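Visitor: Each chain, written out:
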Amino acid sequence: MIRKVLIANRGEIAVRIAHILREMGISAIGVFTDPDREALHRRSMDEAHRIESYLDAEELVRVARESGANAIHPGYGFLSESTSLSSACENAGITFIGPQTETIRLMGDKLEARRLMQAAGVPVLPAWASNPPESEYPVLVKAVGGGGGKGMRLVQNPSELAEAMAAASREAAKGFNDARVFIEKYARNPRHVEFQVVGDSHGNVMHVFERECSIQRRHQKIIEETPSPALTPELRATMGTMAVAAAKAVAYRGAGTVEFILDADGRFYFLEMNTRLQVEHPVTEFTTGLDLVREQVRIAEGQPLSFRQADLHQTGHSIECRIYAEVPEENFRPDTGTIEVFRPPTGPGIRLDSGVEEGSTVTIDYDPLMAKLIVWAPTRGAAIDRMKRSLRDFVLLGVRNNIEFLGRVVSSKDFASGNLDTHFLDRNSELFRPPAGPLPIEAILAASLSASPVTNGGSSSFSNVWTSGPWRNS
Amino acid sequence: MIRKVLIANRGEIAVRIAHILREMGISAIGVFTDPDREALHRRSMDEAHRIESYLDAEELVRVARESGANAIHPGYGFLSESTSLSSACENAGITFIGPQTETIRLMGDKLEARRLMQAAGVPVLPAWASNPPESEYPVLVKAVGGGGGKGMRLVQNPSELAEAMAAASREAAKGFNDARVFIEKYARNPRHVEFQVVGDSHGNVMHVFERECSIQRRHQKIIEETPSPALTPELRATMGTMAVAAAKAVAYRGAGTVEFILDADGRFYFLEMNTRLQVEHPVTEFTTGLDLVREQVRIAEGQPLSFRQADLHQTGHSIECRIYAEVPEENFRPDTGTIEVFRPPTGPGIRLDSGVEEGSTVTIDYDPLMAKLIVWAPTRGAAIDRMKRSLRDFVLLGVRNNIEFLGRVVSSKDFASGNLDTHFLDRNSELFRPPAGPLPIEAILAASLSASPVTNGGSSSFSNVWTSGPWRNS
Amino acid sequence: MTGRELHWRVDGQDVAVRIEESSAGGIFHIGKEIIPFSFISKHRHGGTVLVKGNPHQFYVVQDRDSHTVWLNGQTYRLERTGKGRALPATGHNGADGSITALMPGRILRIDVAEGDAVAEKQTLATMESMKMETSLLAPRPGRVASIHCTPGQVVDMGQLLIVIED
Amino acid sequence: MTGRELHWRVDGQDVAVRIEESSAGGIFHIGKEIIPFSFISKHRHGGTVLVKGNPHQFYVVQDRDSHTVWLNGQTYRLERTGKGRALPATGHNGADGSITALMPGRILRIDVAEGDAVAEKQTLATMESMKMETSLLAPRPGRVASIHCTPGQVVDMGQLLIVIED
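Chains as they are written, first to last, in numbering that gives the first Met the number 0: chain Y, 0 to 473; chain Z, 0 to 473; chain B, 0 to 165; chain U, 0 to 165.
Derived by calculation from the structure, the hints in this document are not laboratory data. Nothing here was measured: the structure is a model prediction, and the numbers come from that model. Be aware that one or more of the hints could be misleading.
Keeping only pairs whose Cα atoms sit at most 30 Å apart, straight-line, the calculated DSSO-like set for lysine-lysine is [as the list claims (entries may be wrong)]:
| no. | chain 1 | residue 1 | chain 2 | residue 2 |
| --- | --- | --- | --- | --- |
| 1 | U | LYS51 | Y | LYS3 |
| 2 | Z | LYS149 | Z | LYS173 |
| 3 | B | LYS41 | Z | LYS3 |
| 4 | B | LYS120 | Y | LYS387 |
| 5 | Z | LYS387 | U | LYS41 |
| 6 | B | LYS51 | Z | LYS3 |
| 7 | Y | LYS3 | U | LYS31 |
| 8 | B | LYS31 | B | LYS120 |
| 9 | Y | LYS3 | Z | LYS387 |
| 10 | Z | LYS173 | Z | LYS184 |
| 11 | B | LYS51 | B | LYS31 |
| 12 | U | LYS41 | U | LYS51 |
| 13 | Z | LYS387 | U | LYS51 |
| 14 | Y | LYS387 | Z | LYS3 |
| 15 | Y | LYS220 | Y | LYS184 |
| 16 | Z | LYS412 | Z | LYS220 |
| 17 | Z | LYS387 | Z | LYS412 |
| 18 | Y | LYS387 | B | LYS41 |
| 19 | B | LYS120 | B | LYS41 |
| 20 | Y | LYS220 | Y | LYS149 |
| 21 | Y | LYS184 | Y | LYS149 |
| 22 | Y | LYS3 | Z | LYS412 |
| 23 | Z | LYS247 | Z | LYS184 |
| 24 | Y | LYS220 | Y | LYS173 |
| 25 | U | LYS41 | B | LYS41 |
| 26 | B | LYS31 | B | LYS41 |
| 27 | Z | LYS3 | Y | LYS412 |
Bound conformation, chain Y alone:
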């Protein structure tokens, strides 16, 4: 029985995990670093402890032991896909809410993972250790231990290969302590379609359908949805079967994600497996009714899955937008500051997973993801309309953010038609420009009403504008 869980993470995912733990009657133990001293996630826990780093497995296990936690949830990012935390948990007799260390290790090695997938009959892209045939160019040089675009190089012709491999290898050695690189066929304008899988410790593995995550910036997803507009029921069934085969190949335990790339002809290839909860897991939850964190806890307790594949259904459509503290119009540069106004949208079919609230401060120390806005509606069209309305109603001021940019993306024709691929933003560069037209006079009026009479060089409260008395003419 898991009674007390240390959440080895921060921000919205730490808050989200704490919510369901508290609902399950499980104590949520938080951790926070100095920059997160005032963070919302710290205050969302039953108790929270100061740590030096979210990346120190030994420290996290020590805090878990000292606080009496008998399990650790790694969230995503940080140590979620590092064997250091899972093995430290094993040594300390603490339940790691995730797959076995060996699974993490296997899937963290891209070459090993490719071999396993091929053996399991899961399609992979052609790959070479060196010198692919000239007809196969362009190719991608990838780090064996990599992820997130680091240690990756696109090579257009053979003459560039040697230099690209050397550069990628240096980057990989620095980034992942593993200089090995390999060469993979480059898929042009693919879709990124991933399948959620769950497996228990009794050998049951099933998939919970797909997520379309093609809208990316700098290899990072910003909008995800399910169902994918690209999948027919037949293709969904085939890919789902392959995702289950992939997970079964490593006797997968817990919640994980099998990522595929899907080309315009409906061919798909294993890309990698994420052995953890995914940022975009809420769209799966909204369309299936599962709570994936609840399932993770049950699986970690050794309980068998309470449903069969045939019990799982997709209902309606769900879209997630990631609300980042960044300026898309200025090459996605991150912004920092204090959130002065935070008014999220309300109404049916809206879910907000937030790591911030009014008054929260966003610093440069961590990822700029502030919150996730997730909507559900019976159809894709209605879900897009709901997302447009919700983004328009979302007021977040004090830290520059991508809310309006997201609004322009989901309002675009290309998005409406479901014509998505990983180069969507490159193709739709007009989305980076705010709508043309003169500044509305009302905006100048609003600014003028808020402006303090004399610039005093510091930031100024709005309230002093309203100090004039009742309406009189003198």
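Using the hints, position chains Z, B and U against chain Y.
Guide: Below, chains Z, B and U alone, put in the same frame as chain Y:
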């Protein structure tokens, strides 16, 4: 085609209707009275017009015409069940989003409704025009045109009947312009179970399952849920069939609700039909995926229902809590004031329909319903846990409210066991007392930190506490 | 009633505005436009302002000279340029001597006749609006050039009522 | 550092409290208890305060003498009774002359010896806490009765450091 809708209502329901209209690409025209000059619902519309009263059908139709609206949505309460608005719409050639005037008239007359239901084979309670047999006591004297407990008298024995009828008649004449009363068998400790029905103008009528609304105060619901813990699949099917029969008896068009009382032996009786959207409609939406306001608009446009009875399924469990500006501990007296802090809960399975936000003022002019908190989870137990967590996280200060009281109700053993009836609060009077125990020292500390150094007799901002400089010892 | 002149940088150009404001509304001067406005609601970070019959919900946060305005779902960023300065209290009017109605309301009394000499701050007329009586004062000494309203008349916001000339 | 005395009506009884507060924390005196606290966060309507190692999230709204406190999901209502009064700046200490550590930290220097006569606001010791140096000042003139810390020592919040007597 409905392109512009006047929403003849206020508060959370006006906001909720505006949300879906805007998502559907339909203009939302609001109305507001002087006390609602600053209300959230006014600012949630595409445009809004000042009116004298939400109860003046002619004025509403005039505003609709002047603003170019080709339909009126009445919401609930106000004119939603009065024939004055529906017939004024008919005369003006404006679509009334609701049933035909004749349906409203028939169902507004309790005797007429009883007769129709009996003819349709729907069970009704025994009733008499006067002097029921002594063995049938206690009985209820009810107003023919009544509702909401007005003009109602419980009579324990025959000697009290004449006086009760006279009193009820006077009250009914004053309240409903209709002095007629009748006598109905009194059901002890019944459950209140209602069925959502929808019918189109093509003769299709179906039900969208039940809502259990037994937790009431002063004949007003405060917590509703679906599915009802009292219904077996067989009883649900039987009652659903009867609800459809009831709606078919008046060729029902639009969304409506057939209310039943259900006794401990599983016998049920028609109570009344609400010919409008119900406050508690979100729990039906959360468990079926339907958007009832969207369906209302489609039906009003003359479209046939896009689903069949067999397409409708209940998934999981949903509970709604009504957040009132009232003090349950002081006999539910309403409170007024300005909402200084409004921090609704976030996370999966939570919906907030709110008529207020931070800074909103609650006045004495209208119903004290501020917002509705609705949760969904796969099981009733998980939904209760989610509601408990959500209510605990909900910070609403500045206007006294029932959030903690609701928390005590959903945390009670009786609620957990599903042992609900309309006398639930009478039986569980301990819920009206806040938990015993001394005031925590931290609460006194918090108050002391906020207290201004010298009482100045007026309300004071908290911010002046934080004006001290960086931590120094001098 | 307080008046302020402000300078903004908009699309690379300097825009000078003048704002005369009370707690209930005011008049906004931008270029040659004279735009009356009234408040529907106000809060710490903004409010809703009625301009030409349309409500505009806005939030503003200010960081030094940089103002971020959220208006009807769009965000705008404005830079303050010249120093603003508080102006002495004036009437409801521009510098041109025209007295306009700050709010919709009813004229109760007119206290002057055409041709009358008036002193600064002398009451010219009284109107009722939102259940409050309001005196319309002369913004500067001068002579009443023309009167464009009558007692009992219901006037719109921004409607010209009286003109003063030197 | 400012000090205040306040009176609350709690369960029909008067409760006098004393609070010494800086922006980072302070000491709360209630009955015979001396409770150090520090702030995790603060905002316009409350914050999170650390008391005995536990964080308590709170919001307070005030309407005349009535204070509504939301604390960890429960709401409490307190009535202010006697007039509060701002006290002159003091040390980290109560009126009894005991100097305690306002925050956990390290003693850097001790500037006095037992038996020394000290003037009001004279520096007694210096400590470092949260990367800030803080001087501990004498709350009033007197004599150093006892010293309970040494340079370099790490001290807990609320720990007794120095006692001054008349």
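Visitor: Against which earlier hints does the structure fall short, listed by number upward?
Guide: 4 and 7
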